Each structure stands twice: as C-alpha cells, then as structure tokens.
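Chains A and B supply the protein sequences, listed in that same order.
Under this note's numbering, the first residue of the first sequence is numbered 1, with each subsequent residue one higher.
Under this note's numbering, the first residue of the second sequence is numbered 328, with each subsequent residue one higher.
Think of the hints as simulated: they come from the structure by calculation, not from any bench.
You may find that some hints are simply not true.
[Claimed, not checked] Here are the simulated DSSO-like pairs of lysine-lysine, each with C-alpha atoms no more than 27 Å apart in a straight line:
#	chain 1	residue 1	chain 2	residue 2
1	B	335	A	305
2	A	106	B	346
3	B	346	A	111
4	A	23	B	335
5	A	23	B	344
6	A	106	B	335
7	B	448	A	236
8	B	344	A	108
9	A	28	A	108
10	A	23	A	305
11	A	203	B	344
12	B	335	B	346
13	B	448	A	148
14	A	236	A	171
15	B	346	A	305
16	A	108	B	448
17	B	346	A	23
18	A	236	A	203
19	A	139	A	236
20	A	106	B	344
21	A	111	B	335
22	A	139	A	171
23	A	219	B	448
24	A	28	B	448
25	A	108	A	23
26	A	111	B	448
[Claimed, not checked] Only part of the chain B face toward chain A is listed, based on derived beta-carbon distances under 10 Å:
#	residue
27	343
28	355
29	360
30	364
31	375
32	383
33	385
34	407
35	440
36	441
37	443
Source: prediction; values computed, not measured.
Glycine residues also receive a C-beta, built at the ideal position from the N, C-alpha and C atoms.
Take a look at the letters that make up each chain.
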Amino acid sequence: MEATVVKTGTEGKTWGGGNEPLKASYGKMMMWFFIVSDALTFSGFLASYGFSRFKFVDAWPIPDEVFTHFPFLHGVDAPMFYVAFMTFILIFSSVTMVLAVDAGHKMKQNKVILYLFLTIIGGLIFLGSQAWEWATFIKGDYGAIETKGGQIIQFLDKDGERVAIRDFAAKASGERIEQTKENGIWFKNEAEYYPSVSFEQVKAGFLANDNILVRIQHKDEHGHHIILNREESIAKVVNDGAMVVEGANLRHNEYGHPLFADFFFFITGFHGFHVATGVLINCIIFFNVILGTYERRGHYEMVEKVGLYWHFVDLVWVFVFTFFYLV
Amino acid sequence: MAHEQAHKLEIFRGALKFKSNVSKIWGVFIILSIVTIVEVALGIIRPAFLVDHHFLALRLLNWIFIILTLFKAYYITWDFMHMRDETSGLRRAVIWTTVFLIIYLVTLILIEGDYIFEVYKNGYIKFDF
Chain A
1 MEATVVKTGT EGKTWGGGNE PLKASYGKMM MWFFIVSDAL TFSGFLASYG FSRFKFVDAW
61 PIPDEVFTHF PFLHGVDAPM FYVAFMTFIL IFSSVTMVLA VDAGHKMKQN KVILYLFLTI
121 IGGLIFLGSQ AWEWATFIKG DYGAIETKGG QIIQFLDKDG ERVAIRDFAA KASGERIEQT
181 KENGIWFKNE AEYYPSVSFE QVKAGFLAND NILVRIQHKD EHGHHIILNR EESIAKVVND
241 GAMVVEGANL RHNEYGHPLF ADFFFFITGF HGFHVATGVL INCIIFFNVI LGTYERRGHY
301 EMVEKVGLYW HFVDLVWVFV FTFFYLV
Chain B
328 MAHEQAHKLE IFRGALKFKS NVSKIWGVFI ILSIVTIVEV ALGIIRPAFL VDHHFLALRL
388 LNWIFIILTL FKAYYITWDF MHMRDETSGL RRAVIWTTVF LIIYLVTLIL IEGDYIFEVY
448 KNGYIKFDF
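Kindly produce the complete structure, drawing on both the sequences and the hints.
Structure (structure tokens):
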C-alpha cells in the first residue's frame, strides 16, 4: 500500500508540496471542476435557446398557455402549478441531501441512510413528473393547422376560448384505406406521422362554423397572439393552410415554433438525464453507507461530493424553470 | 476529517443568524420556497404594469424573474453547496470564472439573435448572414 513516496522531505516549505491552499480534497476539487464545465455546457444550451427566442421574439409560444395541465385534473386550466410542484420536489430533495451531508459530518450513519433515501425518492418523483410532462406535451391539446410557410395557426371561438380541431372538424367522407404492395401502384410507405383528422376535414368544419376564429403566431405589443377576424381567418386557412398538427415532436409543434419543442426536449431531456445519473450515483453511495464503507473510512466526504452534484442539478433546474416556464 | 467542520451560520450579511447548521438549512429552504411561490404567483397573474414596461429590451417582469433566479442560485450555491465555508480562493476560482464566461456568452449571443430578428423583420440584406 505504501508504494508511493508521499513525503518529499521539504514539508513546511511553501514550494515543498503537500500544501492545500484551497483546503479542499482532491475529489472535492475535481467535482467543482466538473460542475464548472457542466454549468458552461448548460449555459451554452440555454443561451442558444435565448438566441432562437430573440430571433423569433414576436412569434414565440407563451409558456403559460402551453403547460396548463395537472395530473387527474382534466379540463382544469392550471398553468405552472405542475412545474412549481416539480421545482418544490427538487428543492426539497436538495434539503434532504444537505441534511445527509450534515449528518455525515457528525458521523451519524442512520441519519445519513434516512436522508439519502428521501433524496433518492425525491429524485424518482421528479423523473416521473418529467415523464408525465413530456407525455402531455407530445400528445398535445387542441391541435392546430400548419401553413405552407411553417407557421402555426390555432382556433378560438368568439369568446376567445381555444377550441380543439377534432371538435369542429367535419366527418370524414370516406374511409381511410392503407395501400399495400399487392395493389400494384407506385408504392410509398405510410407517413410515420398522421393526425386523427385530416386538413380537409378541419377546413370544411371551419368554413361551416361561423363562430370560429383563427389566432396566428405573431404577437401584439402586450405579448398576446393576434386574433384575426372571420374574413381574415377564412383567407388564412384557405390560402395558407397545409396540414394538421397535433401535439409536438421534433418537426412539428402545435403550440408554436418547432424550435420551442426542440429546445424543450433537448434541455429538459439533458437535465432529466443528469437527474437520472444523480439518482444512480445516490443509490450507489446509499448502499455504501448501509454497508458501512464510510464508517470504516472514518469520514463521509463521498456523500458531500455526490451532494455537490445533486445540488448542481437542482441549481440548473432553477434556471431551466425560469427560462422555459416563467420568462 | 471526522471532526465537525466549522459552518458560518449567518445569512443576509448577518441579519439572520442560526443556532445550528441544520436550522440554517431549513431556514434557507423556507426562503427558497417563498421566492418560488412569488415567482409562480407573478407568472400566473402577470401584472399588466410589469408586462408593458421595458428595461433594456426586456419586460420588467422578466427582469424580476431573472433577479429572483439569481437570488435562489446564490443561496443554493452558498448554503447547500457550502460555498460559504470554502476558502475565498476556491470560491473565486469557481464563481468569477463561471459568471464572467456566462455573461460574455449570453450577451454576444442575444445581441446576435436580436440582429437576426431585425433582419427578418425589415427584410433586406437577407443574404448577409
């Protein structure tokens, strides 16, 4: 074990080695190195989100109108509550983590076990919430029409309430038949993405119903999307409409600009990946604590190091929360 | 390493003192919760005055959100990540570096994004970027 010479014979001299001017161990320093570089990665992502947003600043989706769902409350308009709940879960799991670190400093093994366990549970609840958030976002809400130029137009009734396209779309005139190779015609595979109603159905239903207006992506000076009157609405749908969009994926997004969905998936996904690895590392440390590894080692610095990582994940979420949901 | 580390137990520049590290943790949790509740409330209400008035091309409301976020980030770093108890050398190496690089990056990129928005809007020199 003592194969390497640790002492140089010049102890006490400034340049003799063995000094720790920052009074932090090697492992903790490296964790801070990693956190700084990871923070810069995340700021790169968030800055590019800001870039795209500034580029389309007068036509960007309003988050309050996108994230309005809460589990088990169907049809209730609850903007932000769910993300606020997720934020609390993450802050609270940070608190239990820092309590675990504190218990580690006092060498209280059982308390470390309890608090680490609570931290892991909090992380898992957060991951589950994010999966639900993604599923809701992908599934979509009211549906929209995408124009030939790639703009999204959404539908409202006369009171300014959103209406779902499947509620006013005309009944399909014929059955949808999938072509097969046997028919001997020019064969092209089914498109991987097609919505529940066709554009023609939506157009017919829209023209038949005088109460429906169209809202475009561009915003007025108060930050609300511009609502067209009936004549302009008809002109917009008939002249520019191209396809139906339901929900969001990497190419189409019923809530507005496709880049919004792209960044949403990429940034919250990358953050979720950090949470997932954080839970994994916490689990490893958790079992080490149970086995008494750190009790034998004489200190719980490992808990402190994973704690730093866990708090960093929380810190990133604070920024993601602001720039994706609030601003 | 088994000894209890010395924790600084004052926050708000000494205006608020805690008896133990554990009570400081709970105190910081309460502060962070209050700030989050304020943010969510402002996000739902969106007061017209704060939405319609701008400062440096951003709505006042967005400035409030950003300042509250930095406030939260400060307490997470200082108290949860124990930055308050580290040496000033470590603190500055981490914080000054990161803050400088992020401000630099964000400033340049947002100015560029705004420029492209103007180009799209006013419709000329489309070939020039």
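(request) Check each numbered hint against the structure and report the violated ones by number, ascending. (result) Checked against the structure, the hints that fail are numbers 11, 16, 24, 26, 27, 32, while the rest are satisfied.
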